[in-house]
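On the provided structure of chain A, position chain B as indicated by the hints.
So the protein sequences, as listed, match chains A and B.
Positions 1 to 397 (the working numbering) are the ones given, in order, by the first sequence.
Positions 1 to 397 (the working numbering) are the ones given, in order, by the second sequence.
None of these hints come from the bench; they were simulated from the model.
Hints may be right or wrong, so weigh each one.
Repeated chains share a single entry, so a pair holds when one copy, or any two copies, can fit it.
As the list claims (entries may be wrong) - Pairs of lysine-lysine residues, derived as DSS-like cross-links and limited to a Cα-Cα distance of at most 25 Å, are as follows: (1) Lys319 - Lys349; (2) Lys383 - Lys56; (3) Lys58 - Lys48; (4) Lys92 - Lys6; (5) Lys48 - Lys78; (6) Lys365 - Lys344; (7) Lys137 - Lys6; (8) Lys56 - Lys78; (9) Lys183 - Lys154; (10) Lys6 - Lys364; (11) Lys394 - Lys364.
Protein chains: 2
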Amino acid sequence: MYRFSKATEELRTSEIRDLMSLAIRPDIITFAGGMPGNDLFPIAEIDKIYNSLPEKIKQQAFQYGPTPGYPPLLESLKEFLRKKGLPVDENKLLITTGSLQAINILAKIFVDPGDEIITEYPCFIGAISAFKSYGAKIIPVPIDEEGILTEPLKKEINKTIAPKFLYITPYFHNPAGIIYSEKRKEQLIELLRNTNLPLIEDDAYGDLYFHKEDSHRVQPIKALNPKGVSICYTGSFSKILGPGLRLGWMLVPEEIYVRAELCKQAFDACSPTFTQVIADEFIRSGAIYPYIERLRNEYLLRAQSMISELKKHLPQYVKWTEPRGGFYIWLILPEGTDATDILKEAIKKGAVLVTGKTFDPEAKKNNAIRLAFSNTTIEQIEKGIPIVADAIRKICG
Amino acid sequence: MYRFSKATEELRTSEIRDLMSLAIRPDIITFAGGMPGNDLFPIAEIDKIYNSLPEKIKQQAFQYGPTPGYPPLLESLKEFLRKKGLPVDENKLLITTGSLQAINILAKIFVDPGDEIITEYPCFIGAISAFKSYGAKIIPVPIDEEGILTEPLKKEINKTIAPKFLYITPYFHNPAGIIYSEKRKEQLIELLRNTNLPLIEDDAYGDLYFHKEDSHRVQPIKALNPKGVSICYTGSFSKILGPGLRLGWMLVPEEIYVRAELCKQAFDACSPTFTQVIADEFIRSGAIYPYIERLRNEYLLRAQSMISELKKHLPQYVKWTEPRGGFYIWLILPEGTDATDILKEAIKKGAVLVTGKTFDPEAKKNNAIRLAFSNTTIEQIEKGIPIVADAIRKICG
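Chain A on its own, in the form it takes in the complex (with noise of 0.2 Å):
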């Protein structure tokens, strides 16, 4: 009866939706959200810091802010963005409602319904469902543990329709748990100059390394600066504050920020200045560095209790990398195996997770699960990688 649009005919709901109302379950493990830790949130340095806020700063907190970002945040994020090397000065910053927002507005400013654009496989579910939603056709190339296949891609770029981007998330991918290796990066560069092929660095989850010796790992692509390679840089504070803030940010050239911010301007004005005016203080204040000190030491625990247990559990045929930081195991199964199986049996005995299809562009490969370590107690673990395991041996053998 209703004559809907036509983009809006492709969008459909994914399993993670059902797996989310599972987790809430008190009886249930939950490895399936990727979620930060509902015990880790910095509670008691944003009440403080909410307390301390002047009146003058509240009734900005109540009303419209500036379209591209309250203005203080802006100066303080440029600030905590300069330390990792990105070239805040030659780039606009626009704050966004989450970064999915972000990735949204770069899919709504380059896609028409039909046009191809490139990403990782396995890739991250919210951005799949923001390309789709404006009809991009998604050619997904594959990773290894050292990033996306260049060959392949090469062959992508270089076709005579050139896709319109290409979108990668390169430091502790999600949901393949890996970090693009320096050499990797390199040659991704070399690919992309001068082919007039956006790169969108989705860097969500960067600032969670768990080795020291990994800070110059996770630096942007972006903080290199590559001359002849146009890159639209994503990041967020769900990671490292709170997702329940909405905020996120894109950093890009400035012919790209006009038409980002008219988009921005129609989705919805503003982003929520309430929360702005907390993370701008948390900037400010100093208080987000020890606390993403904390997270990465607390996440650290948490992936390497998963570890010792996988290793303890798994069978040797099930193939995964051990994270180096960010949220995510990503075990890949042997080739038909179908991952649902294993999921259903899992709830059975108590644990959720989730099937490789939800990352893959066309919803088929299913003989990968994703395991998420960053909102489960180190018991809980314990108690539920066996029963994974076991799922896994029972549909695997």
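Positioned in the frame of chain A, the structure of chain B alone reads:
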């Protein structure tokens, strides 16, 4: 150099943005922004709410929430809407990041590039931007002091290829300030019945009536639940709590909801849980009701002051309607007037306003001015209206 999408080629910046930057100059009296009074936000009430939240709820406030909305807020907001007579049980409620996002999502699910949609003339600028960002061809139908004109509307509805929807703001219209008469609402329902043309009923200001006897006139068309008319009802916390929280909603039929929720998921995953927790407690504690009462009284005083100043200073040839609620007064100037000249003149003397063409989907018709009385003191009104009146005389004679 960049290969941008076709739909976003249409996006244009609006004059209102530059006015906003003027509006923060302390020497300028601003009748421009459609903003609540900075001095009227319920800061003390929210401080109390924030500081009495249990640790568990605060953790939820920092975390991702379900896409449809924070469950307790969905519940308390339903109660709030039920009191307006809205059919909350036969429809579905979706929390959005401001009501602009609700309007944007509805545009996305209905509009393919080139599709026609109908709005009022004049029309809320945010809705115009949202519709244009999907390549909609907007057909503006004029309003008078009782609402949209039914004769020209009838013609548009009966076209061979019917427009995709009709968008109206019946209660304290932005920018025109008027409220629909009972009779016009009935005529509209009869016109729409069984036409397959959904109605988007934008009700951002309905709570802000100045006179008790109007409390029934702000009853939404959606609350009448007319047979054979499909209504998407949108609302907002921006005018009854604070726009900085970025919270709005849509109450829509199930079939529309399913698609809207998928769009929302791809837009920003969920609205800020942090501010949803606050909004929930604001309703649940009952604090919202006396607060709205206080706003009605305060805005009435400001409106009365502006009405009295306009009566004193405006030339006779300016046509306008005394507002019975909301934020705005709409001055209609002699045919052919270019309100931008008046704006320039007023700025020179220290006052800003918004010109008529801002609210014209074709961005042309400019013989009108919008004055907002919501974020100015009575002293500023008394000082600023003579400036506006002088500027009008100077340009129009």
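Evaluated hints:
{"no.": "1", "hint": "Lys319 - Lys349", "verdict": "within (23 Å within a copy, 73 Å between copies)"}
{"no.": "2", "hint": "Lys383 - Lys56", "verdict": "between (50 Å within a copy, 24 Å between copies)"}
{"no.": "3", "hint": "Lys58 - Lys48", "verdict": "both (14 Å within a copy, 14 Å between copies)"}
{"no.": "4", "hint": "Lys92 - Lys6", "verdict": "between (33 Å within a copy, 23 Å between copies)"}
{"no.": "5", "hint": "Lys48 - Lys78", "verdict": "within (23 Å within a copy, 33 Å between copies)"}
{"no.": "6", "hint": "Lys365 - Lys344", "verdict": "within (17 Å within a copy, 62 Å between copies)"}
{"no.": "7", "hint": "Lys137 - Lys6", "verdict": "both (14 Å within a copy, 16 Å between copies)"}
{"no.": "8", "hint": "Lys56 - Lys78", "verdict": "within (23 Å within a copy, 33 Å between copies)"}
{"no.": "9", "hint": "Lys183 - Lys154", "verdict": "within (16 Å within a copy, 66 Å between copies)"}
{"no.": "10", "hint": "Lys6 - Lys364", "verdict": "within (23 Å within a copy, 31 Å between copies)"}
{"no.": "11", "hint": "Lys394 - Lys364", "verdict": "within (22 Å within a copy, 69 Å between copies)"}
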